[in-house]
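Colleague: Once you've looked at the hints, dock chain B against the given chain A.
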Amino acid sequence: MHLSMALLLSALLFGVGVYGVLARRNAIALLMAVELMLNAANLDLVAFDAWFKDTLHAGQVFALFVVVVAAAEVGVGLAIVLAVFRLRETVAVDELRQLADVDPVVRVDADS
Amino acid sequence: MTHAAWLLPALPALAAVLGLFAGTRVAGGPAVPALAGTGVAFVVSLLLLGAVEGSPATVHESAVAWTPIGGQTLHVGTRVDGLVAVVAVMVCVVALLVQVYSTAYMAGDPRYSVYAAEVSLFTAAMLLVVVASNLFELLVGWELMGLCSYLLVGHYWQTEGARAAAVKAFVTTRFGDAAFLIGIFVVGGHAGSFEIGDVVRSPGSHGAVLTAGAVLLLGGVIGKSAQFPLHVWLPDAMAGPTPISALIHAATMVAAGIFVVARLYPVFLAAPVALTVLGIIACITMLGAALVALAEDDLKRVLAWSTVSQLAYMAAGLAVRGWTAGIYHLLTHAAFKALLFLAAGSVLRTVGTNLMSEMGGLRRAMPVTFVTALVGAAALAGLPPFAGAFSKDGILDAAHERGGALGTAVYAVGLATVLVTAAYVTRMVVRTFLGDYRGNAQTRLHESPLVMTAPLVLLATAAVGLGLPVLPDGWGVARWLDAPLGTTELHVAAGGVALSTGLVLLAGAAVYALWRRNPAADPVAVLGRARRPLAAAFGVDAFYDRAIVRPLHALARGVLRVDDGGLDAAVEGSGATASGLGGGLRRLQNGNVQAYASGLVIAVLALVIGVSLAVAR
Chain A
1251 MHLSMALLLS
1261 ALLFGVGVYG
1271 VLARRNAIAL
1281 LMAVELMLNA
1291 ANLDLVAFDA
1301 WFKDTLHAGQ
1311 VFALFVVVVA
1321 AAEVGVGLAI
1331 VLAVFRLRET
1341 VAVDELRQLA
1351 DVDPVVRVDA
1361 DS
Chain B
44 MTHAAWLLPA
54 LPALAAVLGL
64 FAGTRVAGGP
74 AVPALAGTGV
84 AFVVSLLLLG
94 AVEGSPATVH
104 ESAVAWTPIG
114 GQTLHVGTRV
124 DGLVAVVAVM
134 VCVVALLVQV
144 YSTAYMAGDP
154 RYSVYAAEVS
164 LFTAAMLLVV
174 VASNLFELLV
184 GWELMGLCSY
194 LLVGHYWQTE
204 GARAAAVKAF
214 VTTRFGDAAF
224 LIGIFVVGGH
234 AGSFEIGDVV
244 RSPGSHGAVL
254 TAGAVLLLGG
264 VIGKSAQFPL
274 HVWLPDAMAG
284 PTPISALIHA
294 ATMVAAGIFV
304 VARLYPVFLA
314 APVALTVLGI
324 IACITMLGAA
334 LVALAEDDLK
344 RVLAWSTVSQ
354 LAYMAAGLAV
364 RGWTAGIYHL
374 LTHAAFKALL
384 FLAAGSVLRT
394 VGTNLMSEMG
404 GLRRAMPVTF
414 VTALVGAAAL
424 AGLPPFAGAF
434 SKDGILDAAH
444 ERGGALGTAV
454 YAVGLATVLV
464 TAAYVTRMVV
474 RTFLGDYRGN
484 AQTRLHESPL
494 VMTAPLVLLA
504 TAAVGLGLPV
514 LPDGWGVARW
524 LDAPLGTTEL
534 HVAAGGVALS
544 TGLVLLAGAA
554 VYALWRRNPA
564 ADPVAVLGRA
574 RRPLAAAFGV
584 DAFYDRAIVR
594 PLHALARGVL
604 RVDDGGLDAA
614 VEGSGATASG
624 LGGGLRRLQN
634 GNVQAYASGL
644 VIAVLALVIG
654 VSLAVAR
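Those protein sequence lines, which keep their order, are chains A and B.
The first sequence begins at 1251 in the working numbering and counts up by one.
The second sequence begins at 44 in the working numbering and counts up by one.
Hints listed in this document are in silico derivations from the structure and should not be mistaken for laboratory results.
This one's a predicted model, so the numbers in the text were calculated from it and none came from an experiment.
It cannot be assumed that every hint is accurate.
[Stated by the list, open to error] FRET-style restraints, in silico, Cβ to Cβ:
#1 B:Thr620 <-> A:Glu1339: 38 to 46 Å
#2 B:Arg660 <-> A:Glu1339: 53 to 61 Å
#3 A:Val1334 <-> B:Ile652: 32 to 40 Å
#4 A:Asp1344 <-> B:Arg600: 27 to 35 Å
[Stated by the list, open to error] Which bits of chain A does chain B cover? Going by a derived footprint, with three or more residues having C-beta under 8 Å, they are:
#5 1267-1278
#6 1290-1296
Where a beta carbon is used, it is the ideal one built from N, C-alpha and C, also for glycine.
Chain A extracted, bound-state conformation:
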């Protein structure tokens, strides 16, 4: 199989992930989309490893690292989503805007 097929699949997966991150409102769907993007990268790593016939299989090793880190990340992410849901009773990210800069900062200078 040609390398480009794997890269094409990876790019498609990444695109789906980006779309999910940017367009979905549900925080859990967001986490899943991030997972898609990570695994698109994993696919690239493994594909290049096979294509270049790397004796150390660095690509595969890296893919394993990414899987482990992603698992940890999802653990933390889901915990945050749970905490947010308990507090706000919603997981829609566009409703969670408490960090917005809404109130104008008071200017401190000689005239005030």
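Modeller: Chain B alone, transformed into the frame defined by chain A:
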């Protein structure tokens, strides 16, 4: 006894501290610490006078090391000789009488407590100048007096005039003090020590350095002693309470300038140029101030101008080497000028105005004030046997003996001033006490209480008594005053006294005759249009206003404009610019995580495309 001289400034200073912080809580009121402090200092000064009698040349010095400065040690201590003892008694007497008088004059004043404490501090500062053994110690007292004059002249600070006068007194004397400080550095550096003993012991070569130092010292002297061209503050200082005028004009402040010249006289003797400068300034001031006093309508300002004129006599006496005569005039002047001011205060308090055009005929209502003021006036005019006559004649005699251009000038101007002095003194007396009452005071005119008239009687006694020791051939004051080498002895020649007495009587009779012709009118009206420049004090104030005050105000306004329009605008503008730029960026932070992520993706895409294009080219 002389080792206790440090008590002189310490006691009034203690009274001042006590009065400032606990004045109203002391049993018996704020007058108690003030009177006690000055009273005990007076006793100490009398004991000191007794200790130095007969051996005025002996110097009693006691000092403790204070702090090292640049290779030598600065001492604080006292240095007592005849001059110091005599001047200390003079200061204490006047200060004590002023304190006694003030208890009645300032009765009911809401700030009497602070006032009494400030008078004590003023006395302490002057006594510190008098007993100081070190130029820097002297400077401390000197500057403290500047502060006290500011506080006391501005005692009625709710009035615009008092505030302006206080600032004027402070700034004008500070102007001279700047020169004085540099003069101390130059003279002390020349002598290699700042101890007064070392400075006067070895004036050294008659070099240009010493001359420069002496002239710089004179800057401070003419500021404090209100000589031309720094005399402008003294007449305005009349905005303060009248007892303060007595204190400033007789015992403290203006006396300090003359005292310092006398104290450091060997320095000035070694720098003849400085003495010549002093003589020229004195000649201008003497006659000019007397002429202005002739046209002034405000009773207190007449006395103020007469002080300027009389101080010029002392300065002239010192300038022509009449050291003893100059100091003697300082003493007699302290007596009769304090007397005249306290009498003026007694009058003002009764009629409620300073203007002589609203007085007249007060001799019937206020007999004690009238008689004592008459004594003071006769002493000021220089009529024997009142004290001022002999001291003034001593100065004129010294000028005559000195000869040369300077001596002749001082002698001629001095005689002319005698004439003018007699004229304005006569005018002052007839306008205030004789004739009919011209004012419109609602209350019945009455004599002042005993607390105010008693100091008048005591000072009148002094104004007569101080003249008497000169009459026998012992030349009384010489028992306490040891003139430095190279000065003229005090002489009072019969011919000289006769000449000046003749001039006094001539001018006095002329003014009296003018007044008799029309008792309601001002005798000085006979001068016609020549009166206007005199009443305007020769336009010196107006000139300073145009030449110094207004340009400075314009400069200040310009600086303000640059500050507001330039510096402030730049600072505020940069702040506003940063806020405006930040305001645009703040909009991006809307709290939507997905919007941030979109920005991130777009930025990465743009970066990738940009780099790709750049590499492909």
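Colleague: Look at each hint and say if it fits the structure.
Modeller: Status of each hint after checking the structure:
1. At roughly 44 Å, the beta-carbon separation of Thr620 (chain B) and Glu1339 (chain A) lies within the given 38 to 46 Å, and the hint holds.
2. Between Arg660 (chain B) and Glu1339 (chain A) the CB atoms are about 55 Å apart, so this pair conforms to the stated range of 53 to 61 Å.
3. Taking the beta carbon of each, Val1334 (chain A) and Ile652 (chain B) are about 36 Å apart, inside 32 to 40 Å as hinted.
4. For the pair Asp1344 (chain A) and Arg600 (chain B), the supplied restraint of 27 to 35 Å is violated, since their beta-carbon distance comes to about 59 Å.
5. As drawn, the stretch 1267-1278 of chain A meets chain B at 4 residues by the rule of a beta-carbon pair under 8 Å; at three or more, the given contact holds.
6. Counting residues of the stretch 1290-1296 of chain A whose CB lies closer than 8 Å to any CB of chain B gives 0, so the stated coverage by that chain is violated, three being the minimum.
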